[in-house]
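Visitor: Sequence:
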Amino acid sequence: MRTHVYLRAMLTTEMLRMIDWSLQEDLGECDHTSASSLPEGLQREGWILAKEEGVVAGLEVAAEVFRRVSPELTIEKLSQDGDRVAYGQAVFRISGDARRILEGERLALNFIQRMSGIASRTADVMDSFQGTKCRVLDTRKTTPGLRAFEKWAVRLGGGTNHRMGLYDMILIKDNHVDYAGSVEEAMNRVAKYLQELGRDLPVEIEVRDASESADAMRLQSMLCKPSGAPLIDRLLLDNHSPEEVRMQVERWGGQIDLEASGGITPSNALHYAETGVDYVSMGWLTHSVKGMDFSLKSTDTLI
1 MRTHVYLRAM
11 LTTEMLRMID
21 WSLQEDLGEC
31 DHTSASSLPE
41 GLQREGWILA
51 KEEGVVAGLE
61 VAAEVFRRVS
71 PELTIEKLSQ
81 DGDRVAYGQA
91 VFRISGDARR
101 ILEGERLALN
111 FIQRMSGIAS
121 RTADVMDSFQ
131 GTKCRVLDTR
141 KTTPGLRAFE
151 KWAVRLGGGT
161 NHRMGLYDMI
171 LIKDNHVDYA
181 GSVEEAMNRV
191 AKYLQELGRD
201 LPVEIEVRDA
211 SESADAMRLQ
221 SMLCKPSGAP
231 LIDRLLLDNH
241 SPEEVRMQVE
251 RWGGQIDLEA
261 SGGITPSNAL
271 HYAETGVDYV
281 SMGWLTHSVK
291 GMDFSLKSTD
301 TLI
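Numbered continuously in my numbering, the sequence shown closes out at residue 303.
Keep in mind the hints are simulated off the structure, nothing from the lab.
Backbone N, C-alpha and C fix where the C-beta goes; we use that ideal spot for every residue, glycine too.
Any given hint could turn out to be false.
As the list claims (entries may be wrong) - Here are the simulated BS3-like pairs of lysine-lysine, each with C-alpha atoms no more than 25 angstroms apart in a straight line:
{"hint": "1", "residue 1": "K290", "residue 2": "K77"}
{"hint": "2", "residue 1": "K51", "residue 2": "K290"}
{"hint": "3", "residue 1": "K173", "residue 2": "K141"}
What the hints assert, rightly or not - Simulated DEER-style distance windows between Cβ atoms:
{"hint": "4", "residue 1": "M169", "residue 2": "M10", "range": "16 to 22 angstroms"}
{"hint": "5", "residue 1": "G88", "residue 2": "Q195", "range": "54 to 60 angstroms"}
{"hint": "6", "residue 1": "G291", "residue 2": "D127", "range": "17 to 23 angstroms"}
Please build the complete structure, drawing on both the sequences and the hints.
Guide: Structure below.
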């Protein structure tokens with residue numbers, strides 16, 4: 001069974017700005033439907049219900065949506081982000097002005113559905129990895145503007161975040177190597193850059209074959225970060241078959257962290273995990289996953 005660790009909700013300034021922008025995108029000047037059909041001040045309550053089994057995520061985001069619509073609304077989270085929930089289970093209760101509830105309904109559901117879909121599929125992958133040491137990573141293949149939310153959902157599903165952006169890690173890909181001229185030239189420049197910067201950023205390099213792996217490991221023993229630590233932290237085995245990954249693990253496993261990536265989906269992820277690789281990164285988790293179905297109802301049961 002997957003061991004769940006509750007994660008403290010952290011809504012950054014950028015995430016709050018995205019919530020505000022998304023509300024403005026939806027509301028515009030006014031919710032004319034609610035304003036025309038419901039009397040001002042009408043008090044009602046609603047429940048958000050799961051319409052399928054999975055891992056719920058985005059409840060704290062939904063709560064913030066409703067808080068920003070109206071601080072007068074009463075919010076009760078009936079589950080915690082990261083919980084497994086059953087079909088028909090009520091996960092959230094909202095009460096107060098009916099117009100305000102309906103103004104926030106769609107955006108709150110959008111966040112919950114998107115984040116829960118990601119968390120659920122991440123949990124499925126991690127559950128399938130039981131018996132291996134492998135961990136699943138996300139990628140930068142996220143929805144523009146929603147990266148922080150989607151990567152939060154990956155964590156809630158038991159996954160591990162890769163870099164958040166271009167600013168918190170150095171990842172030398174095949175194009176960097178080709179433009180620089182060689183693995184050695186690229187890594188020599190990285191070492192010089194970090195010395196001048198005076199920072200120990202994490203460093204990963206993509207290797208396309210055994211020759212590039214050998215080049216990278218030779219340089220790893222020669223080049224250092226400003227602290228004196230080895231320059232390279234991880235090798236990225238992109239677009240390798242499981243058998244090719246296994247061969248790299250047999251050669252370099254235990255000497256450096258190894259990550260498999262490229263075309264990995266739930267249907268083949270376990271084949272990679274069973275090679276002994278440390279990480280499997282899956283863009284699929286955020287660019288192809290289906291949302292989990294939720295709805296807001298005026299009663300606490302699906303009827």
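Visitor: A separate judgement is required for each hint: does it hold in the structure or not?
Guide: We went through each hint and held it up to the structure:
no.: 1; hint: K290 to K77; verdict: holds (24 angstroms)
no.: 2; hint: K51 to K290; verdict: holds (14 angstroms)
no.: 3; hint: K173 to K141; verdict: holds (15 angstroms)
no.: 4; hint: M169 to M10: 16 to 22 angstroms; verdict: holds (20 angstroms)
no.: 5; hint: G88 to Q195: 54 to 60 angstroms; verdict: holds (59 angstroms)
no.: 6; hint: G291 to D127: 17 to 23 angstroms; verdict: holds (20 angstroms)
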